[in-house]
Every structure is written in C-alpha cells, then in structure tokens.
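Trainee: Given chain P's structure and the hints, the job is docking chain G onto it.
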Amino acid sequence: MVSTALQIVADGLLLGMIYAVVGLGLSLLLGIMGIINVAHSAFIMLGAFFTLGMLEALHVDPIFSFALAVPLFFAVGALVFRLIIVRMERAEQNQGLVAMFGLMVLIENVGTIFWTTNTRVVTVAYSNVQLKLGLVSVPAVRVIAGALAAALIAAFWLFLNRSLIGRAIRAMAQNQDAAAAIGINVTRLSLVMFGLGIASAGAAGVVIAMVFPFAPQTQIEWLSWAFLIVILGGFGRVENTLAAGLLTGLIQTIATALMPFDYVYLLLYVALASVLVLRREGLRGVVRRTI
Amino acid sequence: MTGAAELRVADLHAGYVPGHPILRGVTIAARPGRVTVVLGPNGAGKSTMLRALAGYLSPLSGSISLGGTDITRLPSFRHIEEGIAFLPQGRSTFPDLTVGENIELGGWPLRGNHVRLRQALDRVFARYPTLAPLRDRPAGSLSGGQQRAVEIARLLMADPRVLLIDEPSVGLAPNIARQMYQELEAFRDEGRTILLVDQDVRSAIRIADYVYVLTSGKNDIEGDRSAFEGDLGTMVRRWLGV
Chain P
1 MVSTALQIVA DGLLLGMIYA VVGLGLSLLL GIMGIINVAH SAFIMLGAFF TLGMLEALHV
61 DPIFSFALAV PLFFAVGALV FRLIIVRMER AEQNQGLVAM FGLMVLIENV GTIFWTTNTR
121 VVTVAYSNVQ LKLGLVSVPA VRVIAGALAA ALIAAFWLFL NRSLIGRAIR AMAQNQDAAA
181 AIGINVTRLS LVMFGLGIAS AGAAGVVIAM VFPFAPQTQI EWLSWAFLIV ILGGFGRVEN
241 TLAAGLLTGL IQTIATALMP FDYVYLLLYV ALASVLVLRR EGLRGVVRRT I
Chain G
1 MTGAAELRVA DLHAGYVPGH PILRGVTIAA RPGRVTVVLG PNGAGKSTML RALAGYLSPL
61 SGSISLGGTD ITRLPSFRHI EEGIAFLPQG RSTFPDLTVG ENIELGGWPL RGNHVRLRQA
121 LDRVFARYPT LAPLRDRPAG SLSGGQQRAV EIARLLMADP RVLLIDEPSV GLAPNIARQM
181 YQELEAFRDE GRTILLVDQD VRSAIRIADY VYVLTSGKND IEGDRSAFEG DLGTMVRRWL
241 GV
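As they're listed, the protein sequences go chains P and G. Numbered according to my numbering, the first sequence terminates at residue 291, and the numbering increases by one at each position without gaps. Numbered according to my numbering, the second sequence terminates at residue 242, and the numbering increases by one at each position without gaps.
Bound conformation, chain P alone (with noise of 0.2 Å):
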C-alpha cells in the first residue's frame, strides 16, 4: 500500500516536472513581457525534432542536445524577436497574437513537409532501463528528463531573481518607463526574455522527445498542457509554474490510480475551471500590451 502510493507520488512529480518546464516559458513570456506566444508548442515540436535528428544523424545523446538546444533556441527566439515582435509592438492590439498564431501553423505545416506525420520515438541505450529507488520503480529516462527540466526550472528562478540582469527584466516588466529611465535599454532585454521563452520552449521539447513519442501535429496538444499549466499557475513567476506543474502531474498520476483513464482530463479540467471561477483573473491581467 505504501509503496504503491509512494510509486504515484514519484510517477507524478517526475510527470509534473516535464508539464513545469512545457508551461514555463509561455508562461514568463505571457507575464514579464505580455505576449501570448501560442507559437510556443511549435517551438517544442521543434525542440523534439532537434532531439530526433541529433540522434539519427550525428549519434548526439538527447542529454548533450538539452544543452545545445538552450543557446540554439535562444537564437532563434532573438530572431522571431527581431522578425516579428519588435514589429508587432507598433501594431494594433491583437495583431501579435494573429502574426503568433501564423508562426505556429506555419512551423507546423513546415515541420510536417519535412517529417511527415508519423509519430517518432526518441531510443537511447536507457531508454528501458528501471531505477529501484528504494520502494519505488522509476523508467531512467523519466529521472534523467525530470532533472534536465528542474535543472532549467532552477536555472530561470535563480537567473530571474538572484541576478542584476533578471531584476531590470522583472522591473522592466513592472515599469517600463522607470525602467529606461534608470538606464535599461528596454528593447535590449526584452530581445533576451523573448529568446530565453524560445530557448525554454526548444529545451521543454528535448525533454519531451526522451519521454513521449511526438508529431508535428502533437504540438497542439502540448500547447493545451501549458495553457493548463500557466492558468493553474498564473503567470511571470517561475516558482508558480513549478508548483503548478508539479500539481497537474500529481494530479493526473493519483486519478489514474483511482478512476478509469477517461475521467482524468475531466478531472484536470474541472481543476482548471475552479481556478478560473475562484481567481476570476484569467487572462485578463495580462492583456496590457497584448502581442
């Protein structure tokens, strides 16, 4: 008894740590900078697909491509950066989210003339290997994507509060014009939020490829998790989006247990609705410079 209750507390936290850092970046780019970057599972399929041909092609363990995949996807995302947003900030209101939305069909559409859409499987040599933890039986790959993505997760909280750099970011979210005005160049760190959402997103999907099988078109499932994710959790705060993660990881482990499979997303998305009745918030806060 108590260790099959320990073995879903531990299938659900290694669970809740990948939907944490999948929420993660939509959710700081949705709060510190206001966009709603619905493009952001587009940017984890591509992640997912990096994994994939690193694998096949160069022999690269998915672990060195978490690493790559940090630096690479911020440079893509300073590029969306440079590309789109700073135009959009001109625009009208919802512009941002329509040129957003393109972003992502046209990701998709491209990801799926390139790879099909077939669903692919990341194997590594541990891929069936079994970790006995005490009473616990965790699948190796899941420990090694939950470490990746809570080394992340740390990696975000500490860079955002702890460093001079994160605290003009938070502040540049706060007030902007206080921001320039005591120096920072606002356009400067909002390039490098933006790319490190994209660079969170691309290295969600490394993680993802070690644990689920993928598609271009499953893309659009991870982004209703992180939409889950950051509702439960608001959004802006890293610590937030763990807790939240971790929670509908939990979640959806213990209802697993204890129902038949059909009734867990009705249970997650009852959560969902409570939270959305009690905070009343929704969105809405954020809707300040929507792009």
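Incorrect hints may have been included.
Said to hold, decoys possible - To spell it out: a stretch of chain G is covered by chain P in this simulated footprint if at least three of its residues, at any positions, have a beta carbon under 8 Å from a beta carbon of chain P; those stretches are:
no.: 1; segment: 76-82
no.: 2; segment: 85-99
no.: 3; segment: 174-188
Just so you know, the hints here were simulated from the structure itself, not pulled from any lab data. Computed from a prediction, not measured in an experiment: that's the story for all the values here. All C-beta atoms in this analysis are idealised placements derived from N, C-alpha and C, irrespective of residue type, glycine included.
Mentor: For chain G alone, kept in the frame of chain P given last:
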C-alpha cells in the same frame, strides 16, 4: 557627479499625434545649482516637455542640449549615462521587487563595476537611513511617502547632475511633500541642475530660483522667484480665465 552642466531647450516642438503638436516652440534653460520651475495651466505641455527632455518623445523640431552636447534624439535609456535622471509623475517603483532591489537597480549604469555599485548603495542608504529597515520588503507594500523615498534613493544611485522632476508632491501627505521640496533644495545646494514641473505653484515657487510659465505649448512669461512671489493670485486666475 561629474561636471555640472546647463540644460538648454531651444524652440522645441513635440507631440504624440502627427499634425497636433503639444509643444509649439518652448525655449528654456536650467542652470547648475539652481531650481528651475516650469508652471502653467493644465494642458500647457509641461509634462510633455519633460517627457521630450527625458527621451520618451522624439521632438518634431528644435533642440535639447546638455553642457553643449546635443541630446535632442537621445533614447530614454541613454539619458542616465549623460547624468540626466527623470522622476516621472505618480508611482514609479517596481512594486514586486524589494526596496533593496529597487535601489540597487538605480545603479544599473554601474553594473560592470561591483565596487562602485556597492559604494553607491552604501552612500544612498547612509543618506536615507529610514529605508534601511525596509530593505527586504516589496516596494509595493510601502506607503506613498516611503515609495517616493525609494524612488529618490534609486535616482541618486547614478549620482545624476540633472534632475527632471514631474509633479513631485501629487498624492503625498503635506508633511511628506514638504520634505520632498526640502530634498530638492538639498540637491540644488549640491550643485545639481533641477528642472521642476509642478501644479503646486506655491511650493514650487518657494524653492525656485527661476520660473518659466508655459501656456498652450509656448513660453509665456518668465523671471526670478521675486517676480512671481507677490502676484501668484493674478497669474493663477488668468490661467483659469476668471
């Protein structure tokens, strides 16, 4: 503070909407060690002028210079490097950051030099000892007066030679407002250039060395404090059109 400098504005035209300039030829000078006050009725363009001087609004024509250097088109975030600090109207703390983090960010231009950043922090906390016990509290949890003190402390981190101040006493209790004006006088006595835009005509004139009045985006009258002290009532009545 490195080298006092005179801020000069010549025939400035600026506005937010094309074809509708708010400033239509403003010329003023603010000298070091002086409090220069800009007054005027609502809508005269006082705040717009200050925002143009701080780089938030690109002038349509005219020029702004500091100590002979042209800064007309300098972006807002570069002003502090030139020694120009701007205190906008209303609250401008970063509410979710602590008092200590707010003030430390005022030293953003010093970020490459840890020793100088540390020294600046020590200097500012020594000057405003009442802020020290509040250091770890979120700035948003403080009273209006305390937040104003945080803003002033943050502004002093970069040791500016020019201070652009917009309506410093709005929303403050009278005794806090009085302290605010005393602090502006202290900055003046340190040789800084103070350009103050204010609705609180009486308080502003009390600390003014020189006064400009704007109406409808243009210079109206100007003069030393003495020229204004006696006749405030007439001036204000004229703005109100009574």
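Trainee: Are 3 or more residues of the segment 76-82 of chain G near chain P, judged by a Cβ distance of less than 8 Å?
Mentor: holds (count 6)
Trainee: Take the segment 174-188 of chain G, compare each residue's beta carbon with every beta carbon of chain P, and decide whether three or more fall closer than 8 Å.
Mentor: Coverage by chain P is violated for the segment 174-188 of chain G (0 residues, Cβ < 8 Å).
Trainee: Test coverage of the segment 85-99 of chain G by chain P using CB-CB distances below 8 Å; three residues minimum.
Mentor: Coverage by chain P holds for the segment 85-99 of chain G (10 residues, Cβ < 8 Å).
In the structure shown, a violation is registered for the earlier hint numbered 3 alone.
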